[in-house]
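Visitor: If you read the sequences in order, they're chains A and B. The C-terminal position of the first sequence is numbered 115 in our numbering, with every residue numbered one higher than the one before it. The C-terminal position of the second sequence is numbered 321 in our numbering, with every residue numbered one higher than the one before it.
Derived from the structure by calculation, the hints contain no laboratory data. For glycine and all other residues, C-beta sits at the position ideal for the given N, C-alpha and C. Be a bit skeptical, because a hint or two may be false.
Facing chain A, from chain B, some residues (calculated, C-beta under 7 angstroms) [unchecked claim]:
#1 255
#2 313
#3 314
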Amino acid sequence: DSGVTQTPKHLITATGQRVTLRCSPRSGDLSVYWYQQSLDQGLQFLIQYYNGEERAKGNILERFSAQQFPDLHSELNLSSLELGDSALYFCASSVDGGLDEQFFGPGTRLTVL
Amino acid sequence: LAKTTQPISMDSYEGQEVNITCSHNNIATNDYITWYQQFPSQGPRFIIQGYKTKVTNEVASLFIPADRKSSTLSLPRVSLSDTAVYYCLVPHTGRRALTFGSGTRLQVQP
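Pulled out of the complex, with its shape left as it was, chain A reads as follows:
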């Protein structure tokens, strides 16, 4: 158990819908990262937050947005969902958001029908 929690574990929805994925970092970690992993694909970095502020942005679509709240939990919002958005979405956290070790959550499996 990494100490990072993600909810829900599974999510099934239809095209065009909007969903919110939630992540709670390890106690004491200030930085949160979001990744997308499609079937048999590598990890694609989406976005990073540090203490409530956006720190780095990767290949995140305009239909996706994220934020980190004052209590340091983070949410990833996915809208106008398409079939191709079906994937595992991982959240990770680290202490200071630099090059330190990232601890990954168990992931949320999103299925868009």
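Once you have looked at the hints, place chain B on chain A.
Guide: Below, chain B alone, put in the same frame as chain A:
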């Protein structure tokens, strides 16, 4: 954009040493190289991190040549439970974004 290149897959047998190499031509001067392990449907797990020369911990060694354009993860005496995907992680030069390599799928056989 910092790009990494790894072999797509490798096969080994129990008890052998496995070396996986990652190429990262655009690594910045002060950046570290990190390796992660991922089992199916699980989040990746940190293995080792290094800056130059050699780093060793209880599960692996990391070799980094002087030019730092590549690194080699060494797993001594692998077992069946080492079957996983191994990712090389290098920061995105200038923007501090994160780039995982394509990953190397290691299959360990009895």
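Visitor: Which numbered hints does this structure break?
Guide: none
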